[in-house]
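Kindly generate the complete structure, drawing on both the sequences and the hints.
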Amino acid sequence: MRRLVHVVAAALLLVAVARPAAGQQADPLAGALAAYRELDFDGAASRFRSLLAPDAPRLPDADRRRALMYLGATETFRERRAEALAAFGLLIVADPRYRPDELEFPPEVTALFQEARLGVRAVAVVLPDSAEIAGPADRLPVRLYASSLHDVRLVVLDPDGAPLRLLHEGPVGDSLEVLWNGRDTGGRLHATGAYLLRATSRNATGVSVRTVEIPLTLVRITRDTLAAPSPPTAQMRPETRAPQGGARPLLVAIGAAAAVVALPSVAGSGVDAMPTRFVVSAAVGAAGIGGFLARSRPVPIPENVAFNRRLMQQHEQELERVREENAQRLAATRLRIRAGAPRVADVP
Amino acid sequence: MRRLVLALVAWLAFASPGAAQARTRLTVGVDAQSARLVREQAPDIALNGIVAAMQAGVAIGRVGLEIGYAQGRLSPDADAANAEELVDGEAMLAVRALPWLVLRGGPHLRAWVTPAGTQRWMRVEGRAEVSGEVIPGRVRAHAEVWSALSTDVNLGVGASGARGGRVGLTMAIANSPLLLRLMYTADRAELADGRADVLEGIGLGLVWRRQ
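Chains as they are written, first to last, in numbering that gives the first Met the number 0: chain A, 0 to 347; chain B, 0 to 210.
One should not assume that every hint holds.
Okay, the calculated beta carbon distance ranges per label pair [stated by the list, open to error]:
| # | chain 1 | residue 1 | chain 2 | residue 2 | range |
| --- | --- | --- | --- | --- | --- |
| 1 | A | V265 | B | L108 | 15 to 25 Å |
| 2 | A | A233 | B | L92 | 51 to 61 Å |
| 3 | A | A285 | B | R119 | 35 to 45 Å |
| 4 | A | R296 | B | R119 | 48 to 58 Å |
| 5 | A | I288 | B | G157 | 46 to 56 Å |
| 6 | A | V265 | B | A41 | 41 to 51 Å |
| 7 | B | L179 | A | I288 | 33 to 43 Å |
| 8 | B | P98 | A | V265 | 19 to 29 Å |
| 9 | A | A285 | B | P98 | 23 to 33 Å |
| 10 | B | I172 | A | G185 | 49 to 59 Å |
Footprint (simulated), chain B over chain A, 3 or more residues, beta carbon under 8 Å [stated by the list, open to error]:
| # | segment |
| --- | --- |
| 11 | 130-137 |
| 12 | 246-255 |
| 13 | 277-290 |
According to the in silico footprint, chain A covers these stretches of chain B (three or more CB under 8 Å from chain A) [unchecked claim]:
| # | segment |
| --- | --- |
| 14 | 52-62 |
| 15 | 114-125 |
| 16 | 141-151 |
| 17 | 167-174 |
| 18 | 177-184 |
In case anyone wonders, no lab produced these hints; they're calculated from the structure. Every residue gets a Cβ at the ideal spot worked out from N, C-alpha and C, and that includes glycine.
Given below as structure tokens:
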């Protein structure tokens with residue numbers, strides 16, 4: 000019975016892998032596929048492994064996936080289940096969206112592939128090679144494709160590798176679209192620099208098993224902002240002048256106080272004068288002391304104070320105008336995002 | 000002589016550098032004075048009381064006209080029956096000769112209404128007032144002296160002269176056209192027979208000015 004299955008499978012493969020003569024010469028997998036078609040599974044497995052060996056010239060991604068798929072099928076036919084699952088596992092990690100063609104491979108191969116898929120936690124991250132975020136409503140679409148249902152954490156890392164923005168954390172069944180606005184929590188576009196988009200797959204116990212990292216190059220395109228105007232210190236006038244100093248007010252007051260005391264004599268009064276006049280004398284003297292102290296302080300120049308106030312008001316208005324202009328220029332800032340090639344790594 | 004005085008006044012008023020921009024200044028003041036009159040005779044008599052006074056003035060440039068009126072009742076201690084009524088009025092032509100010097104001249108009438116009759120004095124006085132800032136822009140000290148150029152009284156003995164003075168300060172009230180004024184005044188009017196009236200007063204008042 001098994002022999003019959005092998006024969007049928009080989010016949011199907013013979014049809015599936017048939018290539019024009021010219022194409023066979025260019026296909027690096029041609030020899031291995033020929034052995035596969037001739038049901039020389041041992042020979043085919045050996046050839047596929049040599050093509051996939053680390054020291055062999057690296058195959059293009061599409062050929063590598065085909066080689067892994069045929070290796071898995073070959074090992075299935077060789078009844079080497081573990082080797083088949085390993086080959087399928089490598090294929091699923093490289094391309095979680097990969098699905099075998101059911102017309103090309105028999106059910107026992109596709110069934111084993113499905114089994115392998117369910118056991119592998121891998122995710123593909125797909126985003127445009129280039130995108131631009133201009134307005135507040137613009138988003139960068141990031142689509143996650145999971146090999147099987149598992150928890151995925153998608154995070155943007157800053158140029159220093161520190162987590163910057165968590166975009167998703169939770170299960171992904173088949174695919175999920177996540178949108179990123181390219182802004183920080185304050186709503187400002189991120190600065191120009193090399194960032195990283197990292198998707199981490201976790202197993203059922205929550206342990207990280209695999210990461211996909213995509214380098215992001217962010218370029219902030221903005222108009223230069225205007226420099227804030229300098230305070231008009233050079234045009235400002237001195238608001239005070241040096242203390243007048245001198246004892247003139249004090250002398251005036253002393254003279255007046257003495258005049259109060261002496262006035263009855265000057266008037267030629269022959270009687271005792273009012274003693275309460277000393278109150279006036281004391282008041283004049285106290286005012287003189289106050290005046291003396293006042294003149295030892297800087298004297299305000301009201302017209303200069305008013306001039307400087309007007310100057311500062313004009314400066315504040317100019318400052319406000321520059322702030323508004325700069326706010327408009329910053330609001331017109333755009334963010335250009337370029338995505339690099341993804342790198343897949345198993346977490347040890 | 001009169002023409003010479005008038006010419007001097009006219010020159011001071013209109014020939015000064017600032018005459019073209021001469022501004023009109025108005026002043027009105029009220030005072031309450033604690034006054035004391037001592038009649039120097041044998042024996043001396045002292046009377047005390049409160050005198051209310053008011054003044055008004057208008058000045059154009061350096062020249063101004065000022066009038067004053069005061070009235071009060073003074074009486075000997077514990078003898079209200081012999082109280083005397085003071086009625087005092089004056090009109091002065093004022094000339095600001097220098098920023099710190101004002102010269103005044105004019106008639107000064109004073110009447111003492113007593114139970115025995117009314118004693119009327121009439122003088123023509125010449126006055127000089129100097130003033131200086133004590134606190135810049137706020138407080139000025141003033142000192143004024145006067146002397147009677149001629150004196151007359153309705154008593155048979157006649158008058159021999161009069162002189163006096165006033166010293167004090169004015170304080171500008173912030174953000175207001177008002178000044179607070181504190182003055183001490185002493186005046187002596189002499190009769191030909193050697194008797195004299197010495198009138199003193201300490202006055203506190205307000206002055207409103209506009210310029």
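Taking 46 to 56 Å as the hint, is the beta-carbon distance of I288 of chain A and G157 of chain B inside that range? For I288 of chain A and G157 of chain B the Cβ distance comes to about 47 Å; the hint holds.
With a cut-off of 8 Å between beta carbons, are at least three residues of the segment 52-62 of chain B near chain A? With 0 residues closer than 8 Å to chain A, the segment 52-62 of chain B misses the three-residue bar; violated.
Distance restraint hint 41 to 51 Å, applied to the beta-carbon atoms of V265 of chain A and A41 of chain B: 25 Å, violated
Looking only at beta-carbon atoms, does the pair A285 of chain A, P98 of chain B fall within the given range of 23 to 33 Å? Between A285 of chain A and P98 of chain B, where Cβ atoms are some 25 Å apart, the hint holds.
Hint says 51 to 61 Å; check whether the CB-CB distance for A233 of chain A and L92 of chain B agrees. Given a distance of about 54 Å, which is inside 51 to 61 Å, the answer is holds.
Determine whether the Cβ-Cβ distance between A285 of chain A and R119 of chain B falls within the hinted range of 35 to 45 Å. 40 Å, holds
Proximity test - 8 Å, beta-carbon atoms, the segment 141-151 of chain B to chain A, at least three hits: holds (count 3)
Within the segment 167-174 of chain B, is the number of residues with a Cβ closer than 8 Å to a Cβ of chain A three or more? holds (count 3)
Verdict on chain A covering the segment 114-125 of chain B, where coverage means 3 or more residues with a C-beta closer than 8 Å: Violated, because only 0 residues of the segment 114-125 of chain B bring their Cβ atoms closer than 8 Å to Cβ atoms of chain A.
For the range 19 to 29 Å, tell me whether the beta carbons of P98 of chain B and V265 of chain A fit it or not. 24 Å, holds
Chain B over the segment 246-255 of chain A, status - at least 3 residues with CB closer than 8 Å: Satisfied; 6 residues make the cut.
Mind taking a look at whether chain B covers the segment 130-137 of chain A? Criterion is 3 or more residues with CB to CB distance under 8 Å. violated (count 0)
Violated hints for the displayed structure, listed by number in ascending order: 6, 7, 11, 14, 15.
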